[in-house]
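**Student:** Sequence:
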Amino acid sequence: MIFLAIFTIGGRHFSDNYFLTDEFEAQPFWYRCVYILVWVKINLYKYISCWLITEGVCILAGLGYNGINEKGEHQWDACANVRVRLFETTPLFTGTINSFNINTNSWVACHVFKRLKFLGNKLLSQMFTLLFLAVWHGLHSGYLICFSMEFLIVNVEKQAQALVRDSPVLTSIAQGPLYPLLYIVQQMIHWLFMGYSLVPFCLFTYDKWFKVYYSAYFCGHIFFLTALLILPYLRKVFVPRKRGSDKKED
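Converting from the sequence shown to this note's numbering requires adding 15 to each position, the first position being numbered 1.
By construction, these hints were calculated from the structure, which means they are not laboratory data.
Note that the Cβ used here is the ideal one computed from N, Cα and C, for glycine as well.
Some hints here could point you the wrong way.
As the list claims (entries may be wrong) - Computed beta-carbon distance windows for the label pairs:
{"no.": "1", "residue 1": "Arg250", "residue 2": "Phe166", "range": "36 to 44 Å"}
{"no.": "2", "residue 1": "Ile204", "residue 2": "Ile24", "range": "25 to 33 Å"}
{"no.": "3", "residue 1": "Arg250", "residue 2": "Ala76", "range": "48 to 56 Å"}
{"no.": "4", "residue 1": "Lys132", "residue 2": "Glu38", "range": "43 to 51 Å"}
{"no.": "5", "residue 1": "Leu249", "residue 2": "Thr23", "range": "41 to 49 Å"}
{"no.": "6", "residue 1": "Phe225", "residue 2": "Ile24", "range": "25 to 33 Å"}
{"no.": "7", "residue 1": "Ser30", "residue 2": "Asp222", "range": "16 to 24 Å"}
{"no.": "8", "residue 1": "Glu40", "residue 2": "Cys125", "range": "38 to 46 Å"}
{"no.": "9", "residue 1": "Arg250", "residue 2": "Gly82", "range": "42 to 50 Å"}
{"no.": "10", "residue 1": "Arg256", "residue 2": "Ile24", "range": "49 to 57 Å"}
To be verified - Pairs of lysine-lysine, DSSO-like flavour, derived with a Cα cap of 27 Å:
{"no.": "11", "residue 1": "Lys56", "residue 2": "Lys223"}
{"no.": "12", "residue 1": "Lys132", "residue 2": "Lys173"}
{"no.": "13", "residue 1": "Lys173", "residue 2": "Lys137"}
{"no.": "14", "residue 1": "Lys61", "residue 2": "Lys226"}
{"no.": "15", "residue 1": "Lys56", "residue 2": "Lys173"}
Please build the complete structure, drawing on both the sequences and the hints.
**Tutor:** This is the structure:
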């Protein structure tokens, strides 16, 4: 009910239609970014609310029962479609994807992604899976833009995670005293560009989403395409090279 109340009240002040007004264009760049960040958070609560209510109904009807786990506890998550704690706490795009619309994601992973194994390339399989999802939602250009942004962001994020994991310097920084500050910054970046990606999903047509992207200076595309280009060079700087003996052992 909390999520439903936030959406009901907040949705009045952060609506899709405001993106298309002259007032939104007249706002400073930082304000437009903050609006996108708050807008997406509030509007996703619409889906969270529906799924939680549906899950509750399924549990009361007995449809949510999912057997007993290894600890001997009864599970009631057979119809769960969202992981609320993960959704609220993850600073990662992949974390939000894994916590949101779980059943659809599982179905697509099983029946589309895995069946594209014959392509011999995970990136190609991922690309065609996201293309399938875009067409599945409809033929509006906004869907294609949304899922193409997901493809770009997820792959940049995976490269960035690998860089931090393989670099002793970056790992120590990420796990050090600066972690709380880095977490907040990461959350802001995460939700800003989550909103940036979902703007065309909600506005559907080219004339609408392009207007918003133009007013935002295509910051999402610039940010992640730039990151995609510089990450390989950052890897050369921060990741120590393996010695010859180490390579032989590998």
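**Student:** Decide, hint by hint, whether the structure agrees.
**Tutor:** Against the structure, the hints come out as follows:
no., hint, result
1, Arg250 with Phe166: 36 to 44 Å, "violated, 21 Å"
2, Ile204 with Ile24: 25 to 33 Å, "holds, 26 Å"
3, Arg250 with Ala76: 48 to 56 Å, "holds, 52 Å"
4, Lys132 with Glu38: 43 to 51 Å, "holds, 50 Å"
5, Leu249 with Thr23: 41 to 49 Å, "holds, 44 Å"
6, Phe225 with Ile24: 25 to 33 Å, "holds, 30 Å"
7, Ser30 with Asp222: 16 to 24 Å, "holds, 18 Å"
8, Glu40 with Cys125: 38 to 46 Å, "holds, 44 Å"
9, Arg250 with Gly82: 42 to 50 Å, "holds, 44 Å"
10, Arg256 with Ile24: 49 to 57 Å, "holds, 55 Å"
11, Lys56 with Lys223, "holds, 20 Å"
12, Lys132 with Lys173, "holds, 20 Å"
13, Lys173 with Lys137, "holds, 13 Å"
14, Lys61 with Lys226, "holds, 25 Å"
15, Lys56 with Lys173, "holds, 23 Å"
Comparing the model with each earlier hint shows a violation of hint 1 alone; every other hint is respected.
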